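In order, the protein sequence lines correspond to chains A and B.
For reference, each letter of the first sequence is one residue, going 154 to 235 in the numbering used here.
For reference, each letter of the second sequence is one residue, going 7 to 427 in the numbering used here.
Below, in silico cross-link-like pairs of lysine-lysine (DSS-like), each with a Cα-Cα straight-line distance of 25 Å or less: (1) B/376 to A/163; (2) B/376 to A/234; (3) A/163 to B/88; (4) B/343 to B/184; (5) B/343 to B/180; (6) B/91 to A/163; (7) A/234 to B/412; (8) B/412 to B/376; (9) B/91 to B/376; (10) A/163 to A/234.
No lab work stands behind these hints, which were simulated from the structure alone.
Since the structure is predicted, the reported quantities are computational estimates derived from the model, not experimental observations.
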Amino acid sequence: MTEHFAARIKRVLVERVDLDRDPEAIDPTCTLRDDLGLDSAALLDLVVGIEEEFGIEVDTDEITEERFESIASLARFVEAKV
Amino acid sequence: MSFPEETSVAIVGGGPAGATLGAYLALAGIDHVIFERERFPRHHVGESLVGITNRVFHEIGFLGKLDAAGFVEKRAAVWIPKSGKGAYELRILPDPRFGLDHTFHVDRARFDQLLLEHAASLGSRVEQETRVCDVLMEDGRACGVRVEQDGVEHSVRARYVVDASGRSTLLGSKLRLKERDPLFDQYAIYAYFEAFDRGPASMRDHIHIHFLPTRRGWVWQIPVDAEVTSVGVVTERDDFRRDGRDPESYFLRHVESHPELRRRIQPARRIGPFRTEGDYSYSMQRLTGPGFLLVGDAARFVDPIFSSGVSVAVNSACFAAQALQEALSGDESEALKRYEERLGAGIRVWYDFIKIYYKLQNLFTRYVRKPEYQAEIVRLLQGDVYHPEEITVLDRLREDIRTIEKTPDHLLRSSLTDIPI
Numbered sequence: 154m155t156e157h158f159a160a161r162i163k164r165v166l167v168e169r170v171d172l173d174r175d176p177e178a179i180d181p182t183c184t185l186r187d188d189l190g191l192d193s194a195a196l197l198d199l200v201v202g203i204e205e206e207f208g209i210e211v212d213t214d215e216i217t218e219e220r221f222e223s224i225a226s227l228a229r230f231v232e233a234k235v
Numbered sequence: 007m008s009f010p011e012e013t014s015v016a017i018v019g020g021g022p023a024g025a026t027l028g029a030y031l032a033l034a035g036i037d038h039v040i041f042e043r044e045r046f047p048r049h050h051v052g053e054s055l056v057g058i059t060n061r062v063f064h065e066i067g068f069l070g071k072l073d074a075a076g077f078v079e080k081r082a083a084v085w086i087p088k089s090g091k092g093a094y095e096l097r098i099l100p101d102p103r104f105g106l107d108h109t110f111h112v113d114r115a116r117f118d119q120l121l122l123e124h125a126a127s128l129g130s131r132v133e134q135e136t137r138v139c140d141v142l143m144e145d146g147r148a149c150g151v152r153v154e155q156d157g158v159e160h161s162v163r164a165r166y167v168v169d170a171s172g173r174s175t176l177l178g179s180k181l182r183l184k185e186r187d188p189l190f191d192q193y194a195i196y197a198y199f200e201a202f203d204r205g206p207a208s209m210r211d212h213i214h215i216h217f218l219p220t221r222r223g224w225v226w227q228i229p230v231d232a233e234v235t236s237v238g239v240v241t242e243r244d245d246f247r248r249d250g251r252d253p254e255s256y257f258l259r260h261v262e263s264h265p266e267l268r269r270r271i272q273p274a275r276r277i278g279p280f281r282t283e284g285d286y287s288y289s290m291q292r293l294t295g296p297g298f299l300l301v302g303d304a305a306r307f308v309d310p311i312f313s314s315g316v317s318v319a320v321n322s323a324c325f326a327a328q329a330l331q332e333a334l335s336g337d338e339s340e341a342l343k344r345y346e347e348r349l350g351a352g353i354r355v356w357y358d359f360i361k362i363y364y365k366l367q368n369l370f371t372r373y374v375r376k377p378e379y380q381a382e383i384v385r386l387l388q389g390d391v392y393h394p395e396e397i398t399v400l401d402r403l404r405e406d407i408r409t410i411e412k413t414p415d416h417l418l419r420s421s422l423t424d425i426p427i
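Please put together the full structure from these sequences, using the hints given.
Next up, the structure:
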């Protein structure tokens, strides 16, 4: 199940954040900031993209390094929210 | 026509603030003279307008002329991250009550001339190539101006003097009201280019803001007409000082540090010189005093990230015209006080929005996509800042920033700048 969330998050990254990568080729364990090189603007885009994709509300204090470390950690966070 | 010896209102400067004030006063039947140092057309920076100006131009009967003048129609803004990848496009359509679904990017030489001519057509007396050497004061009250035209000096008595002298800040400097902004000390260098690649066809008429990898650095891309694009680098002045190079290589180094800009400027040919603006942001201890008011850039200059220049100019002119009507018919202190409050409140909203913007760039883009805040953010970006009681999104943004600051492992904590909110 978490994998399914991961696939949708990758799609958000590619479509909404304009990440120039093949979604299939992104390793779910790679880190968003260091490996994928997302800056604060891109991370905010990702937050909004995830809210819309999954119909959830992410509170500002939930946007932590731990939850947003990688696609895998983000998928676990989203799964617990929906 | 002989030179005027006295008038009700002497307006120092014929740019958008002075010309708009002239137009309002002409419509109200208040005699006045606009003194302009240059002979229009003359160059001026600040080519991008915001939607709220439509209201003012509608009121003074200028909107039709403006729309017929063939300027580039502006309907949206685009933010491009420093990676050069991706673009955030936001449509910012103005209030449709004034008949247009767009505002404009303008060649300021032509725009300012049209506006000044419009004021003259309504009855403003305009004296160009007439330098205001000094504001005459009597017992602490402004009571006229001393001007120089064709090498001859004249004194013109006036019941009110309005300083619309722009960044020259004639009265603010004379009366030592000017205070350098404690947070923003920026420096801009810009030039006009032909054949600059404005990006995808659907976006080429939008204003573009390209973020630079340097602190508070960004580049504007504004279409001045079908061929000419204004491109300007804004950075902290210290960054320029440290660089130690000439403005041109400084400009090119920054433009080339941005992958997308580097590509876009490649086919471009520069037309005209590089120009610079230093000593950027300032405020005035007060915006009025006995016998005088400050309008437009002469009242305040804030970082131009949201294209507020012409908007503050024409809105302050609108408020000043009302204040002058009231003051001339009786209650000066109440009228001037109300002017201070109205303009001051609007500028505070601009300034707060700018501070939050530089605290965490793009935080506001999160709220633009939330239906309950979208309309407010679009209003702010249109320059509709004069009803602060209706703006709640800034409180929400401030609250967000505080949450980020106090959440130790917040993802965006390291992206916060040191600007106090």
